[in-house]
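*Asks:* Order-wise, the sequence lines are chains Z and P. The opening residue of the first sequence carries number 1 in our numbering; numbering runs sequentially from there. The opening residue of the second sequence carries number 1001 in our numbering; numbering runs sequentially from there.
Quick caveat, the hints were computed from the structure, so don't treat them as lab data. One or more of the hints may lead you astray.
Under the rule of at most 30 Å between Cα atoms (straight-line distance), these lysine-lysine pairs were calculated in the DSS-like manner [claimed, not checked]: (1) Z/K137 to Z/K34; (2) Z/K137 to P/K1051; (3) P/K1066 to P/K1051; (4) P/K1107 to P/K1066; (5) Z/K137 to P/K1107; (6) P/K1066 to Z/K49.
Chain P is faced by these chain Z residues, among others (derived, beta-carbon under 8 Å) [to be verified]: (7) A47; (8) T88; (9) D94; (10) L198.
Glycine included, C-beta positions come from ideal geometry on N, C-alpha and C.
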Amino acid sequence: MTPRGIPRFHLISDRRLCDLDRLPDVAARAVIGKVDAIHLRERDVAAGKLLEVARALRAAIGDAELFVNDRVDIALLSGADGVQLGETSISVSDARALAGDRLLIGRSVHDADGARRAYIDGADFVIAGHVYETASKAGQPGRGLEFITAIARVCPIPIIAVGGITRENTTDVVGAGAHGIAVVSGILRADNPESAALGYADVL
Amino acid sequence: MNDVRATRDRLRANLNLYVLTDRQLARGRGESEVVEAAIAGGATAIQLRWKTGSMREALIVGRELKQICARSGVLFVVNDRIDLALALDADGVHLGDEDLPLPEARKIVGERMLIGYSPPTLAEAIEAERLGADYLGIGPVYGTSTKADAGAAVGIERIAAVSRAVSIPIVGIGGITAANAAPVVLAGAAGVAVISSIVAADDVREAARQLRDALGFAETHSV
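With these hints in hand, go ahead and build the complete structure from the sequences.
*Replies:* Dropping the structure here:
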């Protein structure tokens, strides 16, 4: 495996909140605010455009790690550090067969079973959510801190908590067993992404 | 692992009747069923198009198609997703002008896989050959309703112009049926690529057979 550590503070893109042309700049400012991983997660964007944005991010975020959602090919071509796989993506083992140890592999999970499977399949970390109710999954109640506790019991790889994470609840989430957090609107909706990120980083 | 050189030698013949999958047009039939019937009717190449939906499912369907094609000596190509093409050990990947750029694709697949490309203009067709495309898809030859983003018809004239300008094989695509396929190969294409005229047919095998007949007729009457 690669010696790289797993980042603790992830920012996930959402072009409804921050369009792709602006994203590299916003991501760079978040990195100044101590975000150490950026995820490019955009469905229904053509691959040519995604590669372009991924490369712009790579250039903008310095030593922070870059993850491309779902597409191993774009992750490899853009010089990303990893690929983030979801329920509908190819399996962790298929991705590993393609990428070897050139990419970290994250798996998004929604229950303890999924987290355990991701670990067995060789994922490097899981993103688990959503912990609290969040605008991006409106109407679905959060799974709560017990969800993180349950995953931590069966899944020894790092757990990144996502979904409604705020500066106020970050300590609780980490206390429940999360290695780190992933944020979308908490930073992308902020007037100042840098200070919003710093707010989280202080408690993290 | 494939050796792409052997595939290139018989590429022109393999591009004669090229069928692209389309779940929405298949009238409830699965990809494997459609592809089996198309091959029985004479299809020589299959392209898995999986624009939306689960990659997990694409892998399952793709593995079936790969097996069916390998068994019949039919070319198996995956649209857009190089990672899927590699995971399926496909013979090739097909790219459009909004997909990953050709030289980038070649970096990943090396000589392991064919790369097909759909250039929007004649100039881009010439450029694509220079960049290492193995074959080109040219169209829409006639009007088409299948691909909403396909643009206005370029006509037989474009087939003739591209086939004069490049030495790699080309296939015509867009609105092609058994009734209008012959002029496409007479203008210099190695074959035709179709979606709806086969995938949406009442009898897929018969539709493929009629297209092959039309292409065969054209070939025996060209010089």
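*Asks:* Which hint numbers does the structure go against, in order from smallest to largest?
*Replies:* Hint check: 5 and 10 fail, others pass.
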